[in-house]
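J.: Following the hints, position chain Z with the ligand against chain B.
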Amino acid sequence: MESSLFFGLSTMAYILAMVVYITYIGFRKKAIGVSATGLTVFGFAAQTLAILLRWKEFYQMSGLGLLRSIPLTNLYESLVFFVWCLILGYLIVEFRYKNRSFGAFVTPVAALALLFISLSGMSTQIEPLVPALQSNWLLAHVTLSFISYSAFALSFSTGLMYLVVTTKRGEGAYMFWTVTLGVFGAVLLAMVIDFIRFKGAGLAPGSEAFIKNFLFKSTYKNGETSVRLLSYLATILIVFVTWRYGGALKKIIEGFKLQPATLDEITYKSVAIGFPIFTLGSLIFGAIWANQAWGVYWSWDPKETWSLITWFIYAFYLHARFLRGWRGHKISMVAVMGFVAVIFTYLGVNLLLSGLHSYGSQ
Amino acid sequence: MASKSNSISDKVWSFFSSIKLAIAIFALIGLTSIVGTVIEQQASYETNIRVLYHLVGRGLAPSAYRVLDALGFMNMYRSWWFLSLLVLFAVNLLVCSIDRFPAIWRIMHAPIKPLGAEKMMKMPIKAEFRLHVAPAAVESTALAGMKSAGFKAARHEEGDGAVELYAQKHAWSRAGVYLTHLSILIILAGAVAGILFGFKAMLNLPEGYSTNVVFSRSADLSDQEENSIRASLMGALDSAGGDIARAAQAANEDPAAFKKSMEQAGLIPLDFQVSCQQFQVQYYGQTDMPKAYRSLLTVIDHGKPVVSKWVEVNHPLKYKGVMFYQSSYGLVDDLSNGIAVLSVKPPDGQQAETERLKIGQSFQIPGTQETVRLAEFNPALAFDDSGKPITYSQMMTNPAVRVEITDGKGPGVSKWIAQRYPETWRLPDGSTVGLQDFWGVQYTGLQVRKDPGVWIVYLGCITLALGLVVAFFMSHKKIWIRIEPEQKRKGTRLMIAATSNKNRPAFERAVEKLALELEKGGK
Ligand code: HEM
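From first to last, the protein sequence lines stand for chains B and Z. Take numbering that gives the first Met the number 0: the last position of the first sequence gets the number 361, and nothing is skipped along the way. Take numbering that gives the first Met the number 0: the last position of the second sequence gets the number 522, and nothing is skipped along the way.
Quick caveat, the hints were computed from the structure, so don't treat them as lab data. Check each hint, because a few of them may be wrong.
Mimicking DSS-like on lysine-lysine, the simulated pairs with C-alpha atoms at most 27 Å apart in a straight line are [said to hold, decoys possible]:
| # | chain 1 | residue 1 | chain 2 | residue 2 |
| --- | --- | --- | --- | --- |
| 1 | Z | 357 | Z | 408 |
| 2 | Z | 125 | B | 268 |
| 3 | B | 256 | B | 28 |
| 4 | Z | 118 | Z | 357 |
| 5 | B | 268 | Z | 290 |
| 6 | B | 302 | Z | 290 |
| 7 | B | 329 | Z | 501 |
| 8 | Z | 489 | Z | 519 |
| 9 | B | 97 | Z | 125 |
So that you can see chain B by itself, here it is in the shape it has in the complex:
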């Protein structure tokens, strides 16, 4: 698999770019900034090539036709595509707004996602497609969904940064972002622990068997009451630390020298781009595909319902902004919540709800 070579290269390039972007914020030397951008562009090119190669491999292996073979069929491939869209979105923002500092925020997300893939031992195998997934509507559905997710991810990070730089301890909005970030971090940590501990089991994270047998079994769902208790305490501790030392993060982000107004504008722009794409790609194309495959365009299954909830939150964002004139903290919190719903639609429904519904899990 030659594609894995280029995936490796792009992961390394993004990690290096992250370091260089952060250095750039420290020194503000043009040359450093240019090399950070160069690394990102290089990583992006390598990743593009890797995706194309994988596409080719899949095409040759499955014998399904070119469009049907687009590598977007499992958790691994979708995470890679998500990172690709995110970096593309970031590069566009960098060239449009002529500001590099934001890269110090985005490249770590990309690097973390890719590292998460390799750490978790997630299956990177090319898997054959079950018949229901062999549809061009599905292709359009998944591609556009991920593009919109990336736009929403961008609005999430700018919305969050807006909150970080404009709030102080004691304010409700400060509480909101520290708790969100803290819980986020704690859950991610718990998942990484599971993945590392049960790596040997050879199951793909996100696969039903993995969710049923291992997810959160090292922490929140451990057999020992004491471990469970400890996990919840640790979560509270992480949230507390985020709350107590949120000011440090504020200092860092203030170093980016981004105007809150610019952040707010990027948040809105990303939502305004993500919303129509999400509507078309996720809701409409998803419905058409479901109708082709099963004869129901809408069945209120948890995944559909969560995308509807996500859609409502962003519709709320737009109406609150335009009709009630919401600005500042309030509207940024809505943007952050919107992306939390996106993550839940994408991962939580599979990881948490199906775990709850699977038989014999306790």
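T.: What follows is chain Z with the ligand alone, placed relative to chain B:
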């Protein structure tokens, strides 16, 4: 509409047109939907009590279940209160749009007027400069510039020789939002049409069978009642050869009443027969992962076959508004009626022939003395450690038949022939007997749907997409250019003003570009 009178109807109107109500409904639909994704919908008691064990503990789970059940959360998307929320949402959207639309309509149709210097300088986008060129020349460049930017300019001349050029475009884009809202109503209307005039059913149809009845869930019967009523109705129907009128007659009932009792038991009669000729699965390589599966369905209308089609996942069959979707498959309980389809090739390389036979039957390989008897069928053949044949799955994943071959003299040979493994087809004497199919033991699982509302829903989806594109990517733009002659310096005072209801920065850049051109032209 905007009047401040306080009559009841005005109050009702303003309640339903309020954004606050919209926000409350958004929140209510969202929050209750979350509950609906946690509680598995239309599931068994055991399933959801287990979910509740996880969430509230064993002690509280039964009472939590009772409360949620009483509130309708076990089938919440069909509960009266959730449907009421959706209706409220639709009414809110409709009233809100009607409330605002007249004002928007006026804005869309208001002709643009000259502004005058003073008002121009109060516009969001504006510029002013002086040029050493005669006003007439400036005017013609300005006109060309406006034209290339897509504006059709009108001209107004004042007494003192000042000229104002002004134009607007995409005024209609203000309706985009309303198109978006309207589409949501269209989609909801399509959904309602589907519920009222359509049905959702399923059908497990074995190879070689045909039927004119499909099965849906009956709303108010218990499983037991449903089964017994269904059994008696299906029995009556079968003895009447599938003819509803005759079955009704035999039961001394009116055909309409008979149909009605069928529907109450979740039996939906079709106006035609559908039969499954054949069902096939294709696997990825030698694995048991299906790559594709399909059924050959034939529709028989008024006794005549009218359509035959291979139905696959993502490729349904449609007849008279009823759709048949491939959704699952399986083995029937009784495997003894299957027919093995064998291709037989004698050792001398002559043309292969096809033999069809049941268990226990035999045939002679042409041109030889060998008799082949079909002894046994195994849908998923495997061998255990001691070499004994076993059936390793509930599906026909590795169909195989055991044949006994004798030449009438010595003791016979017994041999397994597997469909997926051609190397097992070779007989000791060099002839080959391949298992092409074991027909009649698989059923195809079909979802059967009739949804006359789906085209309305699709129409709504198209207008929704269009509406969003217009709402987000187009804007109502206005521009004014004022050209005043300056007598003293033989030049021109040029003013530009512009506004757009959305995406102002982009329009601002376009106007700057125009201004730059005019300035250059003036030097
Ligand atoms: C999920 C359902 C809804 C969607 C997808 C939706 C979509 C939109 C969009 C895209 C806009 C344009 C925002 C912009 O200018 O950027 C808008 C504006 C608006 N929406 Fe909605 N909307 C929904 C529900 C509602 C409801 C229930 C109401 C009723 C109160 C409502 C009232 C309005 C109003 C009054 C405007 C402003 C119209 C104007 O500019 O004249 N919307 N909506």
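J.: Work down the list of hints and note, for each, if the structure agrees.
T.: Status of each hint after checking the structure:
{"no.": "1", "hint": "Z/357 to Z/408", "result": "24 Å, holds"}
{"no.": "2", "hint": "Z/125 to B/268", "result": "24 Å, holds"}
{"no.": "3", "hint": "B/256 to B/28", "result": "14 Å, holds"}
{"no.": "4", "hint": "Z/118 to Z/357", "result": "95 Å, violated"}
{"no.": "5", "hint": "B/268 to Z/290", "result": "42 Å, violated"}
{"no.": "6", "hint": "B/302 to Z/290", "result": "24 Å, holds"}
{"no.": "7", "hint": "B/329 to Z/501", "result": "22 Å, holds"}
{"no.": "8", "hint": "Z/489 to Z/519", "result": "17 Å, holds"}
{"no.": "9", "hint": "B/97 to Z/125", "result": "25 Å, holds"}
Hint check: violations occur at hints 4, 5; the rest are consistent with the structure.
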